[in-house]
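*Asks:* Chains as they are written, first to last, in my numbering: chain H, 39 to 278; chain R, 39 to 278; chain G, 39 to 278.
These are computed hints drawn from the structure, not numbers from a lab.
A couple of the hints might just be wrong.
Which copy? The list can't say, so a pair holds if one copy fits it or any two copies do.
Here are the simulated EDC-like pairs of lysine to aspartate or glutamate, each with C-alpha atoms no more than 16 Å apart in a straight line [to be verified]:
# : residue 1 : residue 2
1 : Lys131    : Glu173
2 : Lys131    : Glu177
3 : Lys207    : Glu97
4 : Lys131    : Glu186
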Amino acid sequence: MQYTYLLIHGSWHDGRAWNDVAKILRNQGLDVHTPPIAGHGPHADYRASHADCVDSIVEYVRQHNLKNLVVLGHSFGGTIVQRLAEIESSRIKRLIFHNAFVLRDGESLYDMYPPIFHEIWEKITIDNKIMLPFEIFRELFIGDVELEKAKEVYDNFWSPCCAASHYDKVPLKTFESLSIPRSIIYASTDNALPVGEYGWHPKFSNRLNIYRFTELPGSHEVLFSNPQKLTECIIHASRP
Amino acid sequence: MQYTYLLIHGSWHDGRAWNDVAKILRNQGLDVHTPPIAGHGPHADYRASHADCVDSIVEYVRQHNLKNLVVLGHSFGGTIVQRLAEIESSRIKRLIFHNAFVLRDGESLYDMYPPIFHEIWEKITIDNKIMLPFEIFRELFIGDVELEKAKEVYDNFWSPCCAASHYDKVPLKTFESLSIPRSIIYASTDNALPVGEYGWHPKFSNRLNIYRFTELPGSHEVLFSNPQKLTECIIHASRP
Amino acid sequence: MQYTYLLIHGSWHDGRAWNDVAKILRNQGLDVHTPPIAGHGPHADYRASHADCVDSIVEYVRQHNLKNLVVLGHSFGGTIVQRLAEIESSRIKRLIFHNAFVLRDGESLYDMYPPIFHEIWEKITIDNKIMLPFEIFRELFIGDVELEKAKEVYDNFWSPCCAASHYDKVPLKTFESLSIPRSIIYASTDNALPVGEYGWHPKFSNRLNIYRFTELPGSHEVLFSNPQKLTECIIHASRP
Numbered sequence: 039m040q041y042t043y044l045l046i047h048g049s050w051h052d053g054r055a056w057n058d059v060a061k062i063l064r065n066q067g068l069d070v071h072t073p074p075i076a077g078h079g080p081h082a083d084y085r086a087s088h089a090d091c092v093d094s095i096v097e098y099v100r101q102h103n104l105k106n107l108v109v110l111g112h113s114f115g116g117t118i119v120q121r122l123a124e125i126e127s128s129r130i131k132r133l134i135f136h137n138a139f140v141l142r143d144g145e146s147l148y149d150m151y152p153p154i155f156h157e158i159w160e161k162i163t164i165d166n167k168i169m170l171p172f173e174i175f176r177e178l179f180i181g182d183v184e185l186e187k188a189k190e191v192y193d194n195f196w197s198p199c200c201a202a203s204h205y206d207k208v209p210l211k212t213f214e215s216l217s218i219p220r221s222i223i224y225a226s227t228d229n230a231l232p233v234g235e236y237g238w239h240p241k242f243s244n245r246l247n248i249y250r251f252t253e254l255p256g257s258h259e260v261l262f263s264n265p266q267k268l269t270e271c272i273i274h275a276s277r278p
Numbered sequence: 039m040q041y042t043y044l045l046i047h048g049s050w051h052d053g054r055a056w057n058d059v060a061k062i063l064r065n066q067g068l069d070v071h072t073p074p075i076a077g078h079g080p081h082a083d084y085r086a087s088h089a090d091c092v093d094s095i096v097e098y099v100r101q102h103n104l105k106n107l108v109v110l111g112h113s114f115g116g117t118i119v120q121r122l123a124e125i126e127s128s129r130i131k132r133l134i135f136h137n138a139f140v141l142r143d144g145e146s147l148y149d150m151y152p153p154i155f156h157e158i159w160e161k162i163t164i165d166n167k168i169m170l171p172f173e174i175f176r177e178l179f180i181g182d183v184e185l186e187k188a189k190e191v192y193d194n195f196w197s198p199c200c201a202a203s204h205y206d207k208v209p210l211k212t213f214e215s216l217s218i219p220r221s222i223i224y225a226s227t228d229n230a231l232p233v234g235e236y237g238w239h240p241k242f243s244n245r246l247n248i249y250r251f252t253e254l255p256g257s258h259e260v261l262f263s264n265p266q267k268l269t270e271c272i273i274h275a276s277r278p
Numbered sequence: 039m040q041y042t043y044l045l046i047h048g049s050w051h052d053g054r055a056w057n058d059v060a061k062i063l064r065n066q067g068l069d070v071h072t073p074p075i076a077g078h079g080p081h082a083d084y085r086a087s088h089a090d091c092v093d094s095i096v097e098y099v100r101q102h103n104l105k106n107l108v109v110l111g112h113s114f115g116g117t118i119v120q121r122l123a124e125i126e127s128s129r130i131k132r133l134i135f136h137n138a139f140v141l142r143d144g145e146s147l148y149d150m151y152p153p154i155f156h157e158i159w160e161k162i163t164i165d166n167k168i169m170l171p172f173e174i175f176r177e178l179f180i181g182d183v184e185l186e187k188a189k190e191v192y193d194n195f196w197s198p199c200c201a202a203s204h205y206d207k208v209p210l211k212t213f214e215s216l217s218i219p220r221s222i223i224y225a226s227t228d229n230a231l232p233v234g235e236y237g238w239h240p241k242f243s244n245r246l247n248i249y250r251f252t253e254l255p256g257s258h259e260v261l262f263s264n265p266q267k268l269t270e271c272i273i274h275a276s277r278p
């Protein structure tokens, strides 16, 4: 029995971030869902809370009655995967965290940031929205492509996200007790979070205790810079 | 003058773990030895102590009068390499530690484990034996192959090991003062030990002070998942 | 408008260390400069101070009226890049640190070394000069080539360096306030500094705050062992 793939995007993205990856997975005959999270995308209502973000995905899963799920979260999407796993665990066969946050009960994304991000966030949070400037996007998020490609991604697939998704403390009372198998896919040249003390790996990976580990070269936006290799990792990370 | 290669297997393995690697090395005309360690293998006497493990290899080396040795230890095998180097240093030209423990005087493998392993080990240590369940083997030790291959390795090449090999404190009075050249071969997607504070690298590597460093992608069981690439690393790690 | 590339060598090297890399860059039509640093090279005056090292490069840049610069520092060369950026910031478009030191105001290279290096440095600092023995060079700096190649590099391109370049405290009052874009190129199997607490990455990388990250396999001397791949990284690290 094949799994159904539910891909959860990160901040400043919406479901279209998965276009390339989803196409490759579908060409292999797989069922793939890439719903947008509330408060994300060019025309979203940015007053959404983190709970609203979670609700939008829970509702999607219930409406489509998705089962046998492999749920992958990228970046901020990791926190949605965690909450979905708490609420709809019986629908899920495996969790995959791809350069993603793994929070503990009561933490926010903002709590995970290094001091320099706190300074930057003060400037880029306006009217319930956070928008990351192109210069930072280029250097920290997508250094592994030509400038033209970076601009194309930023202009067409990058938009503000609801501020509360970064600032709200996330309740995660039962996540640690769940026994759903989990995998890490780590794009190893990602420095969207600084490598080391504040970095994606191994800090967040080790919060999963027992996990399968997969690595590929690539930036935080490897879903755009190398969707083929990322898709191979998704297959490896989710095979039984 | 060519080196003789002595390959020391890890826990839950016996000498057959090296079948693929040894074949590739022998095809290059090299002399390769892969003795089993006491207390390891399907029909072993699991009452063996760590000292018995060491003695079985020391005896093998003396009986075969092995000289000009490159001695490689995988995982638990690192501790055997350390003791052999103390006892038979004049026979050895280079030590190689491949995702292996490097202990200090009086430490045990168990002392190196993260708290979650201590919980697991309590459940899997029975009658002088430790046996790792397939589910943990699959996720932590060999995530880089298809399920079928993982099962084949587990069914044919995986067996209990003597409990004392993990719990005994190992005397290592002189290892730090030895000047035998040493190399690290690090399979970089190995999370059999959690990456970071408790991980193979750089924790154990740095205990060697001056060492040559070689890296390959692969899990803890890369000797099964990619013996060709591992063999290339062994050649690079041991060349003068 | 194309950048001009200024490549700053490390300790025990002189400008000829860049021969292979510069040739590949020039074959792409790029303007490349590889000046020797004072106190470095086979026939240098080893009484040079760190300030003399800096002055020699500042003078070179002014004499050739170099502009639109990408300045890359390898190893010790990172400290020269830092000082040049303070003194001639308007000439520079991007800084690249390749397995390089990034010092803070008042630190010396020596301050960055692990205790074992302090012991070794005591023995290899003689008459204002430091010379690293072949055995350490082979194991720590260039483990990724055949012995013959290692010897060829050591015999032809390796020479003493002025001791003061390692021991002088370097004044860096304004470096942290500079906003010149910066990149890291990390040769990931380099253990010339021990990986981890005292290692190149992420310790020195994170001192740059916002930076673009590029990685390649290779030793500290990847400029000799894989100049083709290093050059690709230089192009990626410096593209707009």
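*Asks:* Next, verify each hint and record whether it holds.
*Replies:* Quick rundown of the hints versus the structure:
| no. | hint | result |
| --- | --- | --- |
| 1 | Lys131 <-> Glu173 | between (39 Å within a copy, 14 Å between copies) |
| 2 | Lys131 <-> Glu177 | between (36 Å within a copy, 14 Å between copies) |
| 3 | Lys207 <-> Glu97 | neither (21 Å within a copy, 55 Å between copies) |
| 4 | Lys131 <-> Glu186 | neither (39 Å within a copy, 19 Å between copies) |
Of the numbered hints stated above, those contradicted by the structure are hints 3 and 4, listed in ascending order.
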